[in-house]
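J.: Construct all of the structure, not just a fragment, from the sequences and the given hints.
Number of protein chains: 2
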Amino acid sequence: MTPFCAAIDWGTSSFRLWLMSEAGTVIAERQSDEGMMRAAAIGFDVVLERHLAELGVAEELPVVMCGMVGARQGWQEAGYLDTPADLAAIIGKARKIIDAYPRDVRVLPGIAQREAGAPDVMRGEETQLLGLVAQGIGKGLVCMPGTHSKWVRLKGGKVDGFSTYMTGELFAMLSRHSILSAAVDQAAAVSADAPGFLDAARTALADPQAVSNLLFQLRAGQLLGFAPPNEGAARLSGLLIGLELAGVAVRHGTLRDVVLVASGGLCDLYRAVLECQDLTVHVCDASEAVRRGLWRAASTFWTAEERQEHAR
Amino acid sequence: MTPFCAAIDWGTSSFRLWLMSEAGTVIAERQSDEGMMRAAAIGFDVVLERHLAELGVAEELPVVMCGMVGARQGWQEAGYLDTPADLAAIIGKARKIIDAYPRDVRVLPGIAQREAGAPDVMRGEETQLLGLVAQGIGKGLVCMPGTHSKWVRLKGGKVDGFSTYMTGELFAMLSRHSILSAAVDQAAAVSADAPGFLDAARTALADPQAVSNLLFQLRAGQLLGFAPPNEGAARLSGLLIGLELAGVAVRHGTLRDVVLVASGGLCDLYRAVLECQDLTVHVCDASEAVRRGLWRAASTFWTAEERQEHAR
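Chains L and G supply the protein sequences, listed in that same order. Note that numbering that gives the first Met the number 0 numbers the first sequence so that position 189 is 188, with each residue one more than the last. Note that numbering that gives the first Met the number 0 numbers the second sequence so that position 65 is 64, with each residue one more than the last.
What the hints contain is simulated information worked out from the structure, not anything from laboratory work. Beta carbons: idealized from backbone N, C-alpha and C, even for Gly. Among these hints, one or two may not hold up.
To be verified - Covered by chain G, according to a simulated footprint, are these stretches of chain L (three or more residues, beta-carbon under 8 angstroms): (1) 154-165; (2) 176-189; (3) 212-221; (4) 236-246.
T.: Below, the structure written as C-alpha cells:
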C-alpha cells in the first residue's frame with residue numbers, strides 16, 4: 000500500500016506514529032518515549048526524521064500531528080480554539096511547522112476553556128474527539144482517562160465544556176515521591192479485579208473531602224496491619240479514580256451514560272469504577288480515535304492528486 | 000548552668016536538640032537536617048554524639064528523644080500507645096536504646112489509632128501534646144500542621160482520636176514533581192497575606208471534592224492569563240490547607256475553637272485560614288510544646304540525685 004501520510008500523537012512523555020494509506024488503513028507504526036520533554040532536548044525534527052527514515056518514508060510524505068508538540072514548550076505553538084469549540088474547526092486552525100523545514104508538517108491546535116472560575120486546556124484529546132465525531136459520536140459526556148484525565152461535554156459535534164483531573168500524575172507522584180512509596184509496589188500493574196481497588200474507589204466517592212486523610216490511611220493501615228501491602232497500588236489507584244468521579248459529579252452534574260475513550264488496563268479500571276456506580280459505559284478505543292481524527296485532518300489537508308502535483 | 004539532660008525532637012528530615020537545665024531552661028541548642036532518613040545512613044549514634052561533643056557534654060548526660068527516631072526504620076522501635084491514650088503514660092513506655100551504648104538514651108513511643116475505618120499513627124506529636132497537658136491544656140481540638148498535619152481530639156489529658164492529612168507533603172511533591180512546578184515559584188515563602196492564598200483556601204473549602212480539578216486549574220489559569228504566575232505557590236498552599244480543613248470537618252464535626260500548635264510561617268498560614276472560617280484560635284508554639292514534653296519525661300526518668308549516684 001502507498002503511504003498517504005504519517006499521523007502522530009506526540010504527548011508530553013510519549014511519541015506514537017502511524018503510517019496511513021489514503022483509505023485510513025494503518026500500514027506501519029512506531030512508538031517511543033521521546034515525548035515533548037525528551038524530544039525538546041534531542042530536537043523535534045531529529046526525532047521525527049529518524050522514525051520516518053526507519054520506515055523508509057519518502058521525504059515529501061506529509062505529516063499531521065497533535066498533542067503537546069503544539070504547546071508553547073513544544074515544536075511550534077499551535078494555539079487553542081475556545082469553547083464552545085466546533086471540532087471540525089480544529090482542522091482549519093492547524094499550524095504548519097515553519098523552521099525552513101522542507102517536509103509539509105502540520106500541528107492541530109488544542110482547545111481552551113477561558114472561564115475565570117474554570118480555566119482549562121487540552122492538547123491531543125481534541126483530536127480523539129474529532130475522531131469520535133467522524134465516527135458519529137457527536138454528543139454526550141466523554142471520559143478520557145490519563146495523566147491528566149479530561150471529562151468533556153460534547154454537543155452537536157462541539158466541545159461545550161470540559162474539566163481536567165490530575166489523576167494519573169497524582170498516582171505516579173504519590174507512588175514515587177511520597178511516604179506512600181513504602182505502601183505501593185511501583186512495579187505492580189493494577190487490574191480492575193485487584194483486591195482493594197473498587198473498595199478504595201467507593202471509599203473516595205463516599206468521602207472525597209477527606210482524600211488527604213484517606214491517602215495517609217493507606218500507609219497507616221499497612222503499618223497497623225489493616226491492609227495487606229500488596230493492595231497498596233490498587234487502593235491508591237481506586238482512591239484517585241474515585242476522587243476524580245466525585246469531582247466530575249460536582250462539575251458536570253449527575254452522571255448516567257459515559258463514553259469512555261481509553262485503551263488497555265486504564266480502560267478496564269475506569270470501566271469497572273463507572274459500572275460499579277451503575278453508569279452505562281460506551282467504550283471507544285483511544286488510539287483508534289486519535290488515528291481517526293488525525294486521518295480526518297490529513298484527508299482535508301491533502302488529496303492524493305495534490306500530493307502528486309507537489310511531488311513533481 | 001549545669002545541664003540536666005539533652006532533649007531531642009528527631010523527625011523524618013530534621014534533627015533538633017536542646018541542652019536543658021533541671022528547671023527546664025534551655026542552655027544551648029542545635030539543629031540540622033540529619034533527620035531519620037540521613038541519620039540512618041550515617042549512624043544515629045554518630046550523629047547524636049557529634050552534636051553532643053560540639054556542645055562539650057559529659058558522656059553520662061542522659062538523652063530523651065521523640066519522633067521518627069523511634070519508628071521501625073529509626074534507631075530503635077519504640078512502639079505505640081493505643082487511642083484513647085493517656086499522654087502521661089507515654090513516659091512509662093519509653094524504650095532505652097540498647098546497642099551496648101554506654102549513655103542513657105531513651106525514646107518516647109508514638110500513638111496508634113487501631114480502627115479499621117480510620118487507621119492512623121503519630122510520632123513526635125504525642126510529645127508536643129504531653130507538653131500541652133503539662134501546660135494545663137488537656138482538652139479541645141488540636142491542629143498540628145506540618146508535612147503530615149495532625150488533628151487531635153484531647154479529652155482529660157488523653158488523645159481520644161486523631162486524623163492525619165498529607166498537606167505539607169502534597170505541597171512539596173506537587174510543587175517539585177508535577178506539572179504544577181511550572182506554576183509555582185519553589186523559592187517563594189508563602190505568607191498569609193499573599194494574594195491568592197485565602198481565596199484559594201476558600202475555593203477548596205467550597206469545592207473540596209473537585210480538588211484534583213482545582214489543582215489543574217492552577218496551571219491552566221496561568222496559561223490562559225487568569226492568574227498571575229507569582230500567585231502559584233500561595234494558591235497551591237491555600238488549596239491544600241482548605242482541603243485539609245474540609246476533611247477535618249468530615250472527621251471531627253463542626254469546628255469552633257482550635258488549639259493551633261505550630262511555629263513561624265506555617266502558624267500564620269493556618270491561623271489566617273482558621274480565622275477566615277470564624278474559628279477561635281489559641282496558638283501554642285510547637286517547639287516550646289515538644290521541649291516541655293521532653294523535659295517532663297526527663298524529669299520523671301531522672302533526678303539530679305540519681306544522676307550523681309550514677310556518675311559515681
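J.: What hints, given by number in increasing order, does this structure fail?
T.: Result: no hint breaks.
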